[in-house]
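Peer 1: What follows is each chain in one-letter form.
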Amino acid sequence: MGVFADTRSYVAETWQAWNRFWFAPKDPATLSLIRLLAGSLLFYTHLVWSLDLQAFVGQEGWLPVEYLRQTVHAAPGTSDPQWSLWSVFFWIEPVWLLWCVHLFALLVFFCLMVGLFSRTAATLGFLLAVSYAHRVSPGAFFGLDKINCMLAMYLLLGPCGARYSLDSVRRVRRGDTSPVRPSAFANLSIRLIQVHLCIIYLFSGLAKLGGENWQAGTAVWWALANQEYQSIDMTWIASWTTVGPVLIALATHATVFWELFYCCLIWNRFTRPLTLWMAMAVHGGIALFMGMVTFGLAMIYANLAFLKPPTVRRWVDPVAGRVASLLGAAR
Amino acid sequence: MAKKKQDASREPEQPTKPVKKKAAKPRAAGDLPWHPVWRWLASGAILVHLLAVVSAPWGLSTGPALPPGFDALQPPQPLPPMDSPVWQRPIVVQNLHWFFHDYLNLLYLNHGYEFFAPDPAGTHVIDYQVTRAAGEPVTGRLPSHDQHWPRLLYHRHMMLSEQSTMPQLAQKSPQHYADHLATIHNGISRLELKFHNLLPPRRVADDTPLDAPSTFQLIGTIEGRPCPTPSDEPAPITGAQP
Chain A
1 MGVFADTRSY
11 VAETWQAWNR
21 FWFAPKDPAT
31 LSLIRLLAGS
41 LLFYTHLVWS
51 LDLQAFVGQE
61 GWLPVEYLRQ
71 TVHAAPGTSD
81 PQWSLWSVFF
91 WIEPVWLLWC
101 VHLFALLVFF
111 CLMVGLFSRT
121 AATLGFLLAV
131 SYAHRVSPGA
141 FFGLDKINCM
151 LAMYLLLGPC
161 GARYSLDSVR
171 RVRRGDTSPV
181 RPSAFANLSI
191 RLIQVHLCII
201 YLFSGLAKLG
211 GENWQAGTAV
221 WWALANQEYQ
231 SIDMTWIASW
241 TTVGPVLIAL
251 ATHATVFWEL
261 FYCCLIWNRF
271 TRPLTLWMAM
281 AVHGGIALFM
291 GMVTFGLAMI
301 YANLAFLKPP
311 TVRRWVDPVA
321 GRVASLLGAA
331 R
Chain B
1 MAKKKQDASR
11 EPEQPTKPVK
21 KKAAKPRAAG
31 DLPWHPVWRW
41 LASGAILVHL
51 LAVVSAPWGL
61 STGPALPPGF
71 DALQPPQPLP
81 PMDSPVWQRP
91 IVVQNLHWFF
101 HDYLNLLYLN
111 HGYEFFAPDP
121 AGTHVIDYQV
131 TRAAGEPVTG
141 RLPSHDQHWP
151 RLLYHRHMML
161 SEQSTMPQLA
171 QKSPQHYADH
181 LATIHNGISR
191 LELKFHNLLP
201 PRRVADDTPL
211 DAPSTFQLIG
221 TIEGRPCPTP
231 SDEPAPITGA
241 QP
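Here the protein sequences line up with chains A and B, keeping their order.
Read in order, the letters of the first sequence correspond to residues 1 to 331 in our numbering.
Read in order, the letters of the second sequence correspond to residues 1 to 242 in our numbering.
Hints were generated in silico from the structure; no laboratory data involved.
A few of these clues could be false.
[Unchecked claim] Estimated spans, in silico, between C-beta atoms of each pair: (1) 273/A - 38/B: 32 to 40 Å; (2) 17/A - 41/B: 12 to 20 Å; (3) 86/B - 16/A: 25 to 33 Å; (4) 79/A - 209/B: 45 to 53 Å; (5) 34/B - 280/A: 52 to 60 Å.
Please read these numbers as outputs of a predicted model, since none were measured by experiment.
Every residue gets a Cβ at the ideal spot worked out from N, C-alpha and C, and that includes glycine.
Extracted from the complex, chain B is given alone in its bound form (with noise of 0.2 Å):
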């Protein structure tokens, strides 16, 4: 009603002679550049997309679940063998996962996203030892602070020690270490796998250092013999019958 009013009052005010009004646009048309066919295409495009990279992080974190109540069996049951029916499977997780598995790949976006998660852990270390046929062995760990500068590349290293007990890895990628450190320092390797344990507060303020002999648990050991380089073949003998 106020609004009325004031539009009256600046009535006898406005210029005689007609302003051509401009046609009040809609924001969404007037502000945007492309056609709406392409925004609905881009738009759908989004959405799958984020689809893909929900379903990573969320496929890769979500496995089969045993129904309620299956710890609480009296006796305690063990756990059924993951082809068992027991197991209730994420159907609609695994499902987007297995559909974008290779968008995801293609892109490298195939991920979990869990830093530190669920809980941090101490980490792997390598010692190694290479026996040559002449000259000094020659002793490193991965990662070294000493061998390996700057921190990239240290981390680096660390993440080949810290990966080799991978599941995907087939637990066979210390035995390729341990080859290629005999095939660049010409030599026999061995490997010495360890656990590096983490200390709790009270034994740190008891000034037990972090590297404490005690803090290490050996986990295996292995050898490693240098890789047949194409020149260490032997050279067919011409002539000479199959």
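Just chain A, same shape as in the assembly (with noise of 0.2 Å):
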């Protein structure tokens, strides 16, 4: 009997955690927070494929859209392409079509960034950020393709344009000063985004692994090394003949370990700062001498989820507020 009623009640509470982990409303301020920085790095992202939008998206350029939907996109043992890859650019053939197509795109995410109908423009931005990341998989894609997809997926969920926002200052102007509710679906996109996260670093320790160079403690000596990616040259460090290779080694395990143990020191409220902050040197490092600003701004920015919204308020209400008084919006 005894055994009965500890594993209900072990089964009632567990409910009861899991329902506050995921639908407890939650002030959106993390939310909004994210809209604004995803929504800016989703507009550069596809301002920059203005600069050779038809070679890149068109219908011919580096890889003509036949091309990769008879070879690369068709199904196993057939050449009829997958119905799930799906891109508006696969069925643009005009070139002002394509045109109009892009700016509009580049209207939604400047919408989705300031937060001006900010659902709506999540959505469309959801949709137009997988049609160009589809066209150009494969061929041009990288992890910031990844990341921005995803962000702008869990965005579209919840109340992304509750702060931080024109939409708010367009409520305030309408003379609605009411504060903004706690929201469950602010909680769950937030969530998502936070385990999503805590997926993508298992997978990627575990990738490395397997790979000889991160066993060694040498792989990320390879990584500064390559000319191709490096904006900053670090391999004046192989003049350190004693301290450098110590310096590689460590850097490169604690890469390893950190990502692998991501998702159970995230969690808890001791490790959670000192995970933050490894975040941020790491992306932070491959975007000073990587190149990849974009793309350690979209892993940052993705790691911002693990803020509470008071904190989020606390460092951002003051900017926000001024900038509201500015467009009359003062509360």
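With the hints as a guide, bring both chains together as one complex.
Peer 2: What follows is the structure in structure tokens.
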């Protein structure tokens, strides 16, 4: 009887904890901050396509759509493209239409950034981001596209324009000065970003375990010595013949351990700050030294999902308040 | 016991008028806005979604395995063909990945997340020259700091050369690059695919530059011609019999 009662109690408590974890209403401050930052990154990412739009996204160009669809996107054993690999750019042929869709996409990403019609912009932004990503995969995609699409997907689930947005300014200017209400969808969006990030780091760490150089502690050297990637040359460290290899090895091992155990350490309130600072160091290093500023920023923005809404409000509200006053929407 | 005492000592202080006590609500039900049925449904959707997210990197990183001791056979055996029954298939992982394949594709989630794994390696670069009927030949490299700016555009070009050898592209993408360059510059292009090897610390400390000619290894050359545009196609002759 005791076993049944204890098991029942355990299941009930677990169900309550599960519910609180996913569905407890939370202030949408963190989600709104991620919308602002991820929206700016989505806007910049797609603005850069404008410099060579036809070559990358058009029907012909570096990798013609027909070639991609008939070879790379074909279902196994057939020459028919997989229906689930979709992009509006597979069907757009006239150049003028391509530019119209591109300009519309830039407008959508801009709206997402500034928080104008935020939920609609997030939904359209996700569909458009996936369209671009599928068009250049494989070919010119990299980690940035994966994180951009992931963030856009989770942003559309919650009230991402509740704070730090033109939507909130418009609300105040209409006379609605009621406080922003906590939202279960805001919590759900943030939780999904958090758990997804844990999965990314776990599998990235597991993949590195299969690499001899990651195990030997030399992988960071090979990353730094890659001239095509590097933006700041750090290979001078090779002249430190004694300390250099030790530093490289420590950085390599720390990266692997941090990625592997991120999914555990990030949930504890004592280890969370350390884990997040390590994320800043790793992704900041990638941005600074390996030329992937956009990818580094995307990962840092995703990590901000672990900031509590009061922390975000303490940091961002003063700036947002000043901007709102300038726009005539002081509370 | 002590608590009981404390409660007893407080009793006289309590007001004589009976206070209507608020019914203590269980935390989960009180704080949560949705009906339990919706929470059950949402929980199921979350679990399915997360299972799909996990299945992508798990499926992409897990391949068939040989039985233990296969490598120890004397004399050493060559690897059996991939359709051989000797290979042990990761049944659960493969089926899970197959099941969620379309869902993952639709949401652009079908990724391995193997950033710089299993090991950081050198990069592929493509040097090209386009000979035009009239005018100077055009030369360049994918990627090039001089030609491709800002950095994100440079990185996109680097991915073009880097992913040109992906098996999914059936090794044909360099031919398309050659044709594209020939078309935009209106000439005949010649591409040299190279692999840029990395230098160990010892050689860098000896002042060998990272882009020393010896670090580039030629993989192959490809020629490209302009793709016919609709205006290049011969116009049909009116009245001509097929």
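Peer 1: Would you list, in rising numerical order, the hints stated earlier that this structure does not obey?
Peer 2: 3, 5
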